[in-house]
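Chains F and D are the protein sequences, given in the same order.
For the first sequence, my numbering gives the first residue as 1, with consecutive numbering after it.
For the second sequence, my numbering gives the first residue as 252, with consecutive numbering after it.
Watch out, some of these pointers could steer you wrong.
Said to hold, decoys possible - Think about it this way: if two alpha-carbon atoms lie no more than 25 angstroms apart in a straight line, the pair counts; the simulated SDA-like pairs of lysine to any residue are: (1) D:K362 / F:Q54; (2) F:K66 / D:R298; (3) F:K226 / F:I178; (4) D:K362 / F:S60.
Claimed, not checked - Residues of chain D placed beyond 12 angstroms of chain F at every Cβ, according to the derived structure: (5) G305; (6) N321; (7) Y324; (8) T325; (9) L327; (10) E328; (11) N330; (12) R331; (13) M333; (14) E334; (15) L335; (16) R374; (17) A397; (18) I398; (19) S406.
Hints in this document: simulated from the structure, not taken from any laboratory.
Model, not experiment: these values are computed from the prediction.
Just so it is clear, CB atoms sit at the ideal spot from N, CA and C, and this is done for glycine as well.
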Amino acid sequence: MRCDFADSLLQGYFDGELRGRRAAEFERHLRHCAHCATELVDLDLLRDRLHLAQLYEPASAGLRRKINAPLQAIAPTTAVSRPLVWHWLAAAAALLFVAILLWRVGHSVRSDDYQAELAGEIVDALVRSQQPGQMNGIASNDERVVEGWLDGRARFAVPVRDFTNDGFPLKGGRVDAIEGHAVAVLVYERNGHPIDVFIWPTRERDSPPRAGSRQSFQWVDWRKGKMEFCAVSDGSPVDLEQLRQLINSFA
Amino acid sequence: MNDFDAEDRLRFEQLVLPHVDAAFNLARWLLRSRADAEDVAQEALLRSYRFFHGFHGGDARAWLLQIVRNTCYTWLEKNRPMELSMEFDEELHLQTCATPETLAIAGDDRKRLTLALETLSPRFREILVLRELEGCSYKEIAAITAIPIGTVMSSLSRARRQLHSALVNSPQGARP
Numbered sequence: 001m002r003c004d005f006a007d008s009l010l011q012g013y014f015d016g017e018l019r020g021r022r023a024a025e026f027e028r029h030l031r032h033c034a035h036c037a038t039e040l041v042d043l044d045l046l047r048d049r050l051h052l053a054q055l056y057e058p059a060s061a062g063l064r065r066k067i068n069a070p071l072q073a074i075a076p077t078t079a080v081s082r083p084l085v086w087h088w089l090a091a092a093a094a095l096l097f098v099a100i101l102l103w104r105v106g107h108s109v110r111s112d113d114y115q116a117e118l119a120g121e122i123v124d125a126l127v128r129s130q131q132p133g134q135m136n137g138i139a140s141n142d143e144r145v146v147e148g149w150l151d152g153r154a155r156f157a158v159p160v161r162d163f164t165n166d167g168f169p170l171k172g173g174r175v176d177a178i179e180g181h182a183v184a185v186l187v188y189e190r191n192g193h194p195i196d197v198f199i200w201p202t203r204e205r206d207s208p209p210r211a212g213s214r215q216s217f218q219w220v221d222w223r224k225g226k227m228e229f230c231a232v233s234d235g236s237p238v239d240l241e242q243l244r245q246l247i248n249s250f251a
Numbered sequence: 252m253n254d255f256d257a258e259d260r261l262r263f264e265q266l267v268l269p270h271v272d273a274a275f276n277l278a279r280w281l282l283r284s285r286a287d288a289e290d291v292a293q294e295a296l297l298r299s300y301r302f303f304h305g306f307h308g309g310d311a312r313a314w315l316l317q318i319v320r321n322t323c324y325t326w327l328e329k330n331r332p333m334e335l336s337m338e339f340d341e342e343l344h345l346q347t348c349a350t351p352e353t354l355a356i357a358g359d360d361r362k363r364l365t366l367a368l369e370t371l372s373p374r375f376r377e378i379l380v381l382r383e384l385e386g387c388s389y390k391e392i393a394a395i396t397a398i399p400i401g402t403v404m405s406s407l408s409r410a411r412r413q414l415h416s417a418l419v420n421s422p423q424g425a426r427p
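One chain only, chain F, in its complex shape (with noise of 0.2 angstroms):
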């Protein structure tokens, strides 16, 4: 027998549609109705097989390059703009460079260090994030929405905010779990580059911000208002600290 909820509020709850009164609403049924439950559970399976069959299929270079192709016809990069790009790709580089070696010495100096482990960790979390098919999460550039998603999935509430307008345009949320504790992970957009801010509850104090590297990404780990952030990005080490500033300044 079939559930009336089962057609409309259902698939909402599950996707994380549902928000306020409507949610409420829902979880009311759902404690009476062990089809509705059940329903959510076979969802939830079917959600996380076609996950783990990495469905996903990204574009090949080669259609990469047909599409490219046009583009570098019609507009030629122009004489004043390519200086620029090299200048600031060597600030890039140099940057990163410092940032390696202040974390070797770093590193060399206290080996057991709890963030740069922790950084490692997430860095990973962030690599397996990125394998096809792993889109576990909701892409949205609207605050509401990632906070409505993320609320219920991460058990804290987590901060929400769009910088637009600052030049980091928030893509939308998911939940990972870093040393085996669930964590919520905001995206946010620089330069073609996505930064994920990696978010949780903490105990400890507000600490002040302690970057470095790892592969080819860069990270930056602070606590701020009983909540520990981790940004990590594969673009310039400043656009984190500038992100970092951001979120601050509302945390």
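Keeping the supplied structure of chain F fixed, place chain D upon it in accordance with the hints.
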């Protein structure tokens, strides 16, 4: 396309090109073929490029996927009209495309899921791909497929049920 200058190109590269994977993935699942998807995705990108002046900010991914989707449907109408006209004949579709035998041949779960997904009508397939593979919100799906949000929810419900039964029809049951 003529007045596409360096600034447009930069904007296009920043806003639209990051979604080439999404464009190809949607085309691949709608057309059920990588080779056809390469052609149609390329055509859709060209089209998005040509009409880029008509894009006034907002969700670039949704805008591009809308174009990909329309290009795919136009292509299907021209090359495989049967596929579109058969879309409500679910029973027939299940029988012709994914008999338990064909599903049994599929060794691993990825192949099995692929076959099962491909038995769904394009409308149900696209909605699952957008939601589960692309991670689109209902609002984004509604914008891309031009259907109301309420219909997104009920279509997802039917699509998931169909996928589930297509998988259960496989002799090894729902789980490998």
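For each hint, the structure was consulted:
1. With a C-alpha separation of about 11 angstroms, the suggested pairing of K362 (chain D) with Q54 (chain F) holds against the 25 angstroms cut-off.
2. For a cut-off of 25 angstroms, the pair hint linking K66 (chain F) to R298 (chain D) stands: about 14 angstroms separates their Cα positions.
3. Of the supplied pair hints, the one linking K226 (chain F) and I178 (chain F) holds, its CA atoms being roughly 17 angstroms apart against a limit of 25 angstroms.
4. With a C-alpha separation of about 20 angstroms, the suggested pairing of K362 (chain D) with S60 (chain F) holds against the 25 angstroms cut-off.
5. The Cβ of G305 (chain D) sits about 18 angstroms from the closest Cβ of chain F, beyond the 12 angstroms cut-off, so the non-interface label holds.
6. With a closest Cβ-Cβ approach of about 18 angstroms to chain F, N321 (chain D) is found to remain outside the 12 angstroms limit, as its non-interface label requires.
7. The claim that Y324 (chain D) is not at the interface with chain F holds, since no C-beta of that chain comes within 12 angstroms of its own (minimum 19 angstroms).
8. At roughly 19 angstroms, the least C-beta separation between T325 (chain D) and chain F is larger than 12 angstroms, which holds for a residue marked as non-interface.
9. Even its closest Cβ contact with chain F, about 18 angstroms, leaves L327 (chain D) beyond 12 angstroms, as expected for a residue assigned away from the interface.
10. Separation of E328 (chain D) from chain F is adequate, the least Cβ-Cβ distance of about 23 angstroms exceeding the 12 angstroms criterion.
11. Listed as outside the interface, N330 (chain D) is consistent with that label: its C-beta sits roughly 19 angstroms from the nearest C-beta of chain F, beyond the 12 angstroms cut-off.
12. The claim that R331 (chain D) is not at the interface with chain F holds, since no C-beta of that chain comes within 12 angstroms of its own (minimum 19 angstroms).
13. The claim that M333 (chain D) lies off the interface holds: its Cβ sits roughly 24 angstroms from the closest Cβ of chain F, which is beyond the 12 angstroms cut-off.
14. With a least CB separation of 19 angstroms from chain F, E334 (chain D) remains clear of the 12 angstroms interface cut-off, as annotated.
15. With a least CB separation of 22 angstroms from chain F, L335 (chain D) remains clear of the 12 angstroms interface cut-off, as annotated.
16. Here R374 (chain D) stays apart from chain F, with its beta-carbon at least about 16 angstroms from theirs, past the 12 angstroms limit.
17. For A397 (chain D), the requirement that its beta carbon stay farther than 12 angstroms from each beta carbon of chain F is met, with the minimum near 18 angstroms.
18. With a least beta-carbon separation of about 14 angstroms from chain F, I398 (chain D) lies farther than 12 angstroms from that chain, consistent with its non-interface assignment.
19. Remark: the non-interface label on S406 (chain D) conflicts with the geometry, its nearest Cβ contact in chain F lying 9 angstroms away (cut-off 12 angstroms).
This entry does not satisfy hint 19, going by the numbered hints stated previously; all others are met.
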